[in-house]
Amino acid sequence: MQTRRETLKHSAIVAGLLATTGLFPQYALAAYNKTAFEAKSLAEVLKAIGAGAPVESKDVTIGGPDIAENGAVVPLTASTVLPGAKQMLILVEKNPAAMIAMFNLTDSVEANVATRAKMGQSSDVYAVVIMADGKVLFAKKEVKVTLGGCGG
Amino acid sequence: MKASKVFSLLALACLASTAVQAQKTAIQSIEEYRAMLQDGNPADLFEAKGEDVWKQKRGPKKASLEQCNLGKGPGVVKGVFVELPRYFADTNKVQDLESRLLTCMETLQGFNPVDIAKTDFGKGEQVIMTALATWVAAESKGMKFNLSQAHTQEKISFEVGKRLFFQRGGPHDFSCASCHGQDNTRIRLQDLPNLTKNPGDGVGFAAWPAYRVSNGQMWGMQQRLNDCYRQQRFPYPGFASEATIALAVYLGVNSQNSASIAPAIKR
Amino acid sequence: MADPMRIRAQVAGDKATVRVLMSHEMESGQRKDSAGKIVPAWFIQEVTATHNGKPVLTAEWGPAVSKNPFLQFVIKGAKAGDKIGVTWKDTKGDTRTDEATAS
Amino acid sequence: MKKQHKISLALLSVAAVLAGCAAVPGATDLDKLTRDIVKASFRDEGIVKASVLDTDETNQACSAADVAGVPLDEAKAKAIEALNFKSIKWPANDQFLGDWKEGEKIAQSGRGLTWTDTAATPNGGNCYNCHQIDKAEISYGTIGPSLYNFGKLRGVADPKSPDARAMLEYTWGKVWNAKAYNACSNMPRAGHMAILTPAQVAHIVALLLDPKSPVNQ
Numbered sequence: 000m001q002t003r004r005e006t007l008k009h010s011a012i013v014a015g016l017l018a019t020t021g022l023f024p025q026y027a028l029a030a031y032n033k034t035a036f037e038a039k040s041l042a043e044v045l046k047a048i049g050a051g052a053p054v055e056s057k058d059v060t061i062g063g064p065d066i067a068e069n070g071a072v073v074p075l076t077a078s079t080v081l082p083g084a085k086q087m088l089i090l091v092e093k094n095p096a097a098m099i100a101m102f103n104l105t106d107s108v109e110a111n112v113a114t115r116a117k118m119g120q121s122s123d124v125y126a127v128v129i130m131a132d133g134k135v136l137f138a139k140k141e142v143k144v145t146l147g148g149c150g151g
Numbered sequence: 000m001k002a003s004k005v006f007s008l009l010a011l012a013c014l015a016s017t018a019v020q021a022q023k024t025a026i027q028s029i030e031e032y033r034a035m036l037q038d039g040n041p042a043d044l045f046e047a048k049g050e051d052v053w054k055q056k057r058g059p060k061k062a063s064l065e066q067c068n069l070g071k072g073p074g075v076v077k078g079v080f081v082e083l084p085r086y087f088a089d090t091n092k093v094q095d096l097e098s099r100l101l102t103c104m105e106t107l108q109g110f111n112p113v114d115i116a117k118t119d120f121g122k123g124e125q126v127i128m129t130a131l132a133t134w135v136a137a138e139s140k141g142m143k144f145n146l147s148q149a150h151t152q153e154k155i156s157f158e159v160g161k162r163l164f165f166q167r168g169g170p171h172d173f174s175c176a177s178c179h180g181q182d183n184t185r186i187r188l189q190d191l192p193n194l195t196k197n198p199g200d201g202v203g204f205a206a207w208p209a210y211r212v213s214n215g216q217m218w219g220m221q222q223r224l225n226d227c228y229r230q231q232r233f234p235y236p237g238f239a240s241e242a243t244i245a246l247a248v249y250l251g252v253n254s255q256n257s258a259s260i261a262p263a264i265k266r
Numbered sequence: 000m001a002d003p004m005r006i007r008a009q010v011a012g013d014k015a016t017v018r019v020l021m022s023h024e025m026e027s028g029q030r031k032d033s034a035g036k037i038v039p040a041w042f043i044q045e046v047t048a049t050h051n052g053k054p055v056l057t058a059e060w061g062p063a064v065s066k067n068p069f070l071q072f073v074i075k076g077a078k079a080g081d082k083i084g085v086t087w088k089d090t091k092g093d094t095r096t097d098e099a100t101a102s
Numbered sequence: 000m001k002k003q004h005k006i007s008l009a010l011l012s013v014a015a016v017l018a019g020c021a022a023v024p025g026a027t028d029l030d031k032l033t034r035d036i037v038k039a040s041f042r043d044e045g046i047v048k049a050s051v052l053d054t055d056e057t058n059q060a061c062s063a064a065d066v067a068g069v070p071l072d073e074a075k076a077k078a079i080e081a082l083n084f085k086s087i088k089w090p091a092n093d094q095f096l097g098d099w100k101e102g103e104k105i106a107q108s109g110r111g112l113t114w115t116d117t118a119a120t121p122n123g124g125n126c127y128n129c130h131q132i133d134k135a136e137i138s139y140g141t142i143g144p145s146l147y148n149f150g151k152l153r154g155v156a157d158p159k160s161p162d163a164r165a166m167l168e169y170t171w172g173k174v175w176n177a178k179a180y181n182a183c184s185n186m187p188r189a190g191h192m193a194i195l196t197p198a199q200v201a202h203i204v205a206l207l208l209d210p211k212s213p214v215n216q
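Residue numbers (numbering that gives the first Met the number 0), protein chains in the order written: chain A, 0 to 151; chain B, 0 to 266; chain C, 0 to 102; chain D, 0 to 216.
The shape of chain A in the complex, shown without the other chains:
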């Protein structure tokens, strides 16, 4: 078990390494897809990233609570059992901008990612998988967001 202190020391070393080898800047993403993150719907997001029409699939799973006690933190998981997933997207349909996150996978990771999203109101949430062959598969579920306690 590693202590925090060691983690911190390592971080400094790694940061230094990355800086000297130029690993990070080299690997940095081509360009942040601003259009995709401003898109209002699944269709617009897919258009912005140059993906085709989506098909609902039982092989894709969107994980999340049926009811979120607080919209500020809604745990969401996207996964698929299919081999050959290239990208995974997590979307909240009724947010001001639909896309929460886009993950670019390699063969070294499983097609299974989780993060937490802010939700302004109850909405359908989507997991979208873009396969190596260009197929676009998705799953969706509804997440209800409840009000908080006293004091508004």
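Read the hints as simulated data drawn from the structure, not as lab findings.
A portion of the hints provided could be inaccurate.
Here are some chain C residues pointing at chain A (derived, C-beta under 7 Å) [stated by the list, open to error]: (1) S22; (2) E26; (3) V38; (4) W41; (5) Q44; (6) A58; (7) G61; (8) A63; (9) S65; (10) Q71; (11) V73.
Note that beta-carbon positions come from the ideal geometry of N, C-alpha and C, so glycine has one too.
Given chain A's structure and the hints, the job is docking chains B, C and D onto it.
Chains B, C and D alone, transformed into the frame defined by chain A:
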């Protein structure tokens, strides 16, 4: 069209009988939601910061807090949280974790405690204070509360705290007991622990400091009590004031033998 | 400078489940301050994860990822002692890299 | 600032004297010490003045009963209820009933009168925090009884009919000043303490008694 009308009529007819079941499901769903958040509590970030800051040489005296006496001798951190608040002879006061940290920041590091107490939560040295409290609490995770009631001042604090707990006032006539005086009640969907007796492991006093997902903030017990008073429509209790410390003694003594889960994650 | 991340990498079989917590405000650009002024957007935009120095996952995030973000992913072909690195970069160009050892 | 310092010094010396005794002081001294500590610990903030803790006889008697763990004796309870009943302001021109739709909004809102609110914040009723009301709202509290079917269960078919008059008055009175009917009720005195305006109270009464309100479906 017709089919959907029939369906909605049926749905209405069913509503009455399924409503009770739906309510239960909603509560179960909220439980599931809370469980999902347990793995990955951002309180970890504040805990790490607290440990780091404890060891840093800071303040006008450029000293660390490593010689701070939180009740079990200079530098002892493990186990102190579950015995606080307690009486300290050097200050001749009953102190909770945060007010005792404030004393150490004054005596060891040379900070002005009045300035820090006046600082808003989440700003300046209060950020450091919360991180320190989070780390110190985390070092006693799983241990059982065992507050001393041996000293007369500790007994007086408990009695004053009890009176504060039941003090009705403000435009809404609320006291702490309005919400926390009965078993098995809720505000909206939030379960309310009965704090007039032992609420059990990791409930109430045994859960703070905690990370609040609603605003993404880390709160110590002082801020927790402060916000209770805000929602009670009471005036503003001073940071580390005698009232908040006495109230903490009442809650802490009531939690005798309950295990601490602090730092917890809360809605 | 931003506070350190907390990275935990747990090995089970030949896989490592990596859980990351990042310290960041993730301002959405939708929120108003107490004076009623919009707080400008400020959020982590890019995340990169490495396994023994080799990039294995990248992500692009929008402003609706929650404050103090959580990220979980699973690395294949991992064993105890492997180094798991994570780097983020935000909309102000600030960046932070941390590393943990899988156990 | 200086004054505050003096107060805490004074408290310290009181505490020191008390600590010198072998036993904890009696209830009267503890009550006084608590009052002094409250004075020294709470301050004005935003729209909330520290003076809101200078509370009335009702709250003082109920707090003392809570500390003692013994309910008020019946005579005292009746006297407090009578005192509160006398203070109820009945609606002008018999305007007991407002708009249930407005009532629902007020019942939903928990805003107002905290130090983070402004004087311009319209006060909410905080009703759903403690009561089930419209069955469609699943996020409700349980400190108070369910108010679902409030009018229906009490046989109110037309709240303006003479038959319903007693219930109409009770509902107004209860919302206006809950302590008129139960001396140490946990329920705020919405009208008496000016949390809600008479018009807002009328909207709440409509939410509870109007046959068209979702409460009575």
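Okay, the hints, checked on the actual structure:
The closest approach between the C-beta of S22(C) and any C-beta of chain A is roughly 13 Å, which is over the 7 Å cut-off, so the hint fails. Because the beta carbon of E26(C) sits about 11 Å from the nearest beta carbon in chain A, more than 7 Å, this interface hint is broken. Given the 7 Å rule on beta carbons, the hint for V38(C) is violated: about 14 Å separates it from the nearest Cβ of chain A. Checking W41(C) against chain A by beta carbon gives a least distance of about 14 Å; that is not within 7 Å, so the hint is violated.
A cut of 7 Å between beta carbons decides the hint on Q44(C): the least distance to chain A is about 5 Å, and the hint holds. Because the smallest distance between the Cβ of A58(C) and any Cβ of chain A comes to about 5 Å, under 7 Å, the interface hint for this residue holds. Taking 7 Å as the C-beta cut-off, the interface hint given for G61(C) holds, the closest approach to chain A being about 4 Å. Checking A63(C) against chain A by beta carbon gives a least distance of about 5 Å; that is within 7 Å, so the hint holds.
A distance limit of 7 Å between C-beta atoms decides the matter here; for S65(C) the minimum to chain A is near 4 Å, and the interface restraint holds. At its closest, the beta carbon of Q71(C) sits 4 Å from a beta carbon of chain A; the interface hint therefore holds under the 7 Å criterion. Contact between V73(C) and chain A, as hinted, is supported at the beta carbon level, the nearest pair being about 4 Å apart and thus within 7 Å.
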